[in-house]
Amino acid sequence: METTDKIINELAVQLANKAIEQANYKIFYDEAQEKLVEVQTQLGQAQVQLERVNKVLEKDEALKELFDEVANKLEEE
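91 is the number of the first residue of the sequence shown in this note's numbering; add one for each residue after it.
Heads up, some of the hints might be wrong.
Heads up, simulated DSBU-like pairs for lysine-lysine below, C-alpha to C-alpha not over 35 Å straight-line [said to hold, decoys possible]:
#1 K125 - K96
#2 K108 - K125
#3 K108 - K96
#4 K145 - K116
#5 K125 - K145
#6 K149 - K163
Everything labelled a hint here was simulated from the structure, so no lab data went into it.
Build out the structure end to end from the sequences listed, making use of the hints.
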């Protein structure tokens with residue numbers, strides 16, 4: 091009977107370890123999904139802002155030239 095008890099105990103420990111591991115992976119997955127949603131929202135906001143800037147630059151050629159000049163200077167640094 092002692093051997094059977096040891097086997098049952100070992101199986102219980104293994105099952106508990108697997109359950110803990112599974113819970114950890116689920117939490118990591120859920121947190122990654124939350125972060126993905128957050129980043130996708132930020133990306134959408136950035137795209138809207140970029141479109142707005144591009145529309146302004148399309149409407150004002152002098153501003154676009156100034157923008158390009160400053161952008162080129164920054165790239166050279």
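Are any of the numbered hints broken by this structure? If so, which, sorted upward? Violated hints: 1 and 4; rest satisfied.
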